[in-house]
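Trainee: Top to bottom, those sequences are chains E and W. The letter at position 95 of the first sequence is residue 1029 when you use our numbering, and the numbering goes up by one with no holes. The letter at position 104 of the second sequence is residue 105 when you use our numbering, and the numbering goes up by one with no holes.
These are computed hints drawn from the structure, not numbers from a lab. Nothing here was measured: the structure is a model prediction, and the numbers come from that model. All residues carry an ideal CB built from backbone N, CA and C; glycine is no exception. One should not assume that every hint holds.
What the hints assert, rightly or not - Cβ-to-Cβ under 8 Å is the rule here; a few derived chain E residues that face chain W:
1. Leu976
2. Leu1089
3. Leu1090
4. Gly1095
In case you want the letters, here they are:
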Amino acid sequence: MIEPSLALYGETFEKVEQHLEELLAATGVRYCLLVDRKGFVLSHKEALWAPRPPALDSVATLVAGNAAATGALANMLGESTFSEQIHQGEKGVLYVESVGDSALLTLIFDSSVPLGRVKVYAKKTITAITGLLKTLQDVPAVSFDQSFSVSASALLDDLLG
Amino acid sequence: MSTINFAAREINCKIVYYGPGMSGKTTNLKHVFTKVPTHLRGEMISLATEDERTLFFDFLPLDLGSVQGFKTRFHLYTVPGQVFYNASRKLILRGVDGIVFVADSAPNRLRANAESMRNLRENLLEHGLDIKTIPMILQINKRDLEGALPVEMIRAVIDPKGELLITEASAHEGRGVFETLKAVSKMVLERLSQPT
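With the rest of the complex left out, here is chain W (with noise of 0.2 Å):
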């Protein structure tokens, strides 16, 4: 759950972008620092690589303000997303209370989304953590590709069972950024407020 501070009056949010390498999870945070007042957010860190391969992790602080007297912040992250980074993906994990999953439209990507939705699985298992226990969002990004899969063959591999919120994005154009973003937060905010 998240961190709650009730001396400094704050809690505390981490949500974490996951998906394919190159499915544009950075590029979702990226967006969201540009666009967010100065105020509001803290300075963007990214672990990559010289060819703009996140190697460890991106990371942006997001102030919500204050909701009843506490301070309500979000911690973002992206985990980097090629298959041999494993280990570093498995640490981005530990204390996360919400995902975007960031699912590439592109039909030659099809594999590999079902492949690291099912190492997400793999890895939060290992932490003894069930997917279905935390809140998730699946954002289909690139639908401005041209041979863009349909939204419902990509959620097939993905949740077949059709279980996830589903949320279409552009983010290399901004589009869907927010409305993922905001949905992932309400659920886990709204989290907060049910007894355990």
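Extracted from the complex, chain E is given alone in its bound form (with noise of 0.2 Å):
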């Protein structure tokens, strides 16, 4: 294992969720993402008034990866990081900060929001998330049972034959 893996569940999800809504409710965004390091979303929101989003495992894929080389920039720079990336276009903005070493929130708004705003919002979602996150660091690893296997294998010989 090269990132820490994730495993959001139970109380915790359910926390993180909230904090998430409360997010998207104060800032007016249209969507909100917790994306692991690894590109996988690990949970989202939207506000009711958005259109239906962009494909969300792309969107996460390519933020972390994004985020991923823009790390690799830092640390060549002799930076330990660059915590923040907003990009912006003409109607809409895309606004990612790191949660811990673990993982991304990633915001995704239209140009009319005041960018200050969101970022203090966003701030206040990390820190709260983070400290979350951290209670999950002693969660021992999960493993599933031969029956889970037998089942996938089945499932793969349908889907590729």
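Mind docking these for me? Both chains are given alone in their own frames, and the hints should help you get the complex.
Mentor: Here it is, written out as structure tokens:
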């Protein structure tokens, strides 16, 4: 395992979801994602008024790839990290900020939403989520029994012939 | 290990296609993309140069379906094969759960195969990973090529101890592509069932 894997569940997951919900309401962003460094979506929330989001798998992968590349650049330039990325377009903004070593908070919003407000609330959310994720560090690794791989193999046969 | 999200009941596995430039990594993914039903896969993303060389990575998400109540998903990636893109290759290996090493059967690519395998070993080591601990398949591609080298000759330079499972393929015809993906996927999923 190169990057830490996250297993969000139960109360922690619900609390993370609640923080994302509050962030959404306080800032007026369209979509709010917590993505792990491997590029998988851990949790996401979207505003009720927002149109259907783009493929979240793809967004998460590109955000994580971008963060990894930016991190490598930071190291080459003698920085430990560039924790924040902002991409501003004509109509919208993509804002990504590190949540500790294991995750990335990704916000997508209209240009009319004040960036300063988003940053202030995002930092509060990140502090809260970082604390929650720390509580997961001591959770023992999980494993599945043999029947899991048997069931999975059957599905693989169906999918790939 | 794979990312397991209990609350959303998801298991996510990352499989990386590695190998020398032009060995057929992207072709493998393109074949999967065209043959898997649309409701079981997402869009394929290719970050490539104008001449279709992979610049950063190709990406294809695949849904296996629900296993014991867990939605199981594979993310397939390719790395750029060209020697000078090593910084990008290293990044793609982050969090890898399984590897398909795509070797080229052309006689003039034997050395490139060996160098790419050495590069893979070095890049994994930089992340503190031993290549022997990761589920990996050796796909010998371009078997339809005129003058294709014997499989054993290619294995001798890439995997001299004969430790890897081998599949033969002609990815541009689709031959061996699914067989390879299935083999590596099974290895990754079996690992989830093994006590750590």
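Trainee: So which hints don't hold here, by number, going up?
Mentor: none
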